[in-house]
Amino acid sequence: ETGVTQTPRHLVMGMTNKKSLKCEQHLGHNAMYWYKQSAKKPLELMFVYNFKEQTENNSVPSRFSPECPNSSHLFLHLHTLQPEDSALYLCASSASRGLTMGKLFFGSGTQLSVL
Amino acid sequence: QKEVEQDPGPLSVPEGAIVSLNCTYSNSAFQYFMWYRQYSRKGPELLMYTYSSGNKEDGRFTAQVDKSSKYISLFIRDSQPSDSATYLCASYQKVTFGTGTKLQVIP
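Top line first, the protein sequences correspond to chains Y and U. One point on numbering: in this note's numbering, the residue at position 55 of the first sequence is 45, and numbering is uninterrupted. Add 2 to a position in the second sequence, counting from 1, and you land on the number used in this note's numbering.
Derived by calculation from the structure, the hints in this document are not laboratory data. Be a bit skeptical, because a hint or two may be false.
[What the hints assert, rightly or not] Have a look at the derived ranges for each label pair, beta carbon to beta carbon: (1) U:Arg62 - Y:Ala85: 25 to 33 Å; (2) Y:His16 - U:Tyr53: 23 to 31 Å; (3) U:Glu59 - Y:Arg53: 39 to 47 Å; (4) Y:Pro73 - U:Gln33: 33 to 41 Å; (5) U:Gln33 - Y:Ala29: 25 to 33 Å; (6) U:Asp9 - Y:Val2: 29 to 37 Å; (7) Y:Asn47 - U:Asn29: 18 to 26 Å; (8) Y:Val2 - U:Pro10: 24 to 32 Å; (9) U:Pro83 - Y:Glu57: 38 to 46 Å; (10) Y:Lys30 - U:Ser22: 18 to 26 Å; (11) Y:Thr45 - U:Asn29: 18 to 26 Å.
[What the hints assert, rightly or not] A few chain U positions that, by computed beta-carbon distances, are all more than 12 Å from chain Y: (12) Ile20; (13) Ser22; (14) Asn24; (15) Ser55; (16) Lys72.
Note that beta-carbon positions come from the ideal geometry of N, C-alpha and C, so glycine has one too.
With the hints as constraints, model all of the structure from the sequences given.
What follows is the structure, encoded as structure tokens:
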């Protein structure tokens, strides 16, 4: 399998649930990203990991907790979410957070609905 | 002010038309720009990237940057129904995206 794979594709959760989103890349990249995509809003960068180290956190609420055990895997742990957190969550990877960082390869996303 | 802005559309054109998609940016330090295409229920895919001013052509697609006016454009010649998607512009340095313009090419 090649590219960036995200699971699950769809997730419905209550505000008291705990769930995790998973992302795996098979491109040999060293940087991984979480983005949030809401209707009629720009893609919002949430977290960046470069060589497994978190390098950016764009003021994301603590109810979102990322984890990057290695350069190929990225998780987003969710707990006590709010209905306004419903969105498409996209994972991306790039060669590294350097000159080529802009060439992002995206997964298909997880469509999250918080009830 | 948003760093990259784009008209969300939707933009509807007949098949074969020339499409012009536009973005503006506010940060003069931005030098590299990218266009991504996103089909429904898919993640964005990189379409083209370009540096500084001038044009870059790839098949039916031409990317243009005007640094003096901080304007980025993507032209699609001989548009096809398969071009129907949302097109996002982005700056390379910070990977800041516009809202995306939804394009529909009608057969």
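Here is what the structure says about each hint:
1. Between Arg62 of chain U and Ala85 of chain Y the C-beta distance comes to about 27 Å, which sits within the given range of 25 to 33 Å.
2. Between His16 of chain Y and Tyr53 of chain U the CB atoms are about 29 Å apart, so this pair conforms to the stated range of 23 to 31 Å.
3. For the pair Glu59 of chain U and Arg53 of chain Y, the supplied restraint of 39 to 47 Å holds, since their beta-carbon distance comes to about 46 Å.
4. Between Pro73 of chain Y and Gln33 of chain U the CB atoms are about 40 Å apart, so this pair conforms to the stated range of 33 to 41 Å.
5. At about 31 Å, the beta-carbon gap between Gln33 of chain U and Ala29 of chain Y stays in the expected band of 25 to 33 Å.
6. Checked against the hint of 29 to 37 Å, the pair Asp9 of chain U and Val2 of chain Y passes, with Cβ atoms roughly 33 Å apart.
7. For Asn47 of chain Y and Asn29 of chain U, the hinted distance range of 18 to 26 Å is satisfied, since their beta carbons lie about 21 Å from each other.
8. Evaluation of the 24 to 32 Å hint for Val2 of chain Y and Pro10 of chain U yields a pass: the beta carbon distance comes to about 27 Å.
9. Against the hinted window of 38 to 46 Å, the Cβ-Cβ separation of Pro83 of chain U and Glu57 of chain Y comes to about 41 Å, which satisfies the hint.
10. Roughly 21 Å separates the CB atoms of Lys30 of chain Y and Ser22 of chain U, a value that falls within the hinted 18 to 26 Å.
11. Thr45 of chain Y and Asn29 of chain U have their C-beta atoms about 20 Å apart, which keeps the hinted 18 to 26 Å range intact.
12. Remark: the non-interface label on Ile20 of chain U is consistent with the geometry, its nearest Cβ contact in chain Y lying 26 Å away (cut-off 12 Å).
13. The claim that Ser22 of chain U lies off the interface holds: its Cβ sits roughly 20 Å from the closest Cβ of chain Y, which is beyond the 12 Å cut-off.
14. Chain Y leaves Asn24 of chain U outside its interface by the beta-carbon criterion, the shortest separation being 15 Å against a cut-off of 12 Å.
15. Ser55 of chain U, annotated as away from the interface, keeps every beta carbon of chain Y farther than 12 Å; the closest lies near 18 Å.
16. The non-interface label for Lys72 of chain U is consistent with chain Y: the shortest C-beta to C-beta separation is roughly 17 Å, beyond 12 Å.
Comparing the model with each earlier hint shows no violations; every hint is respected.
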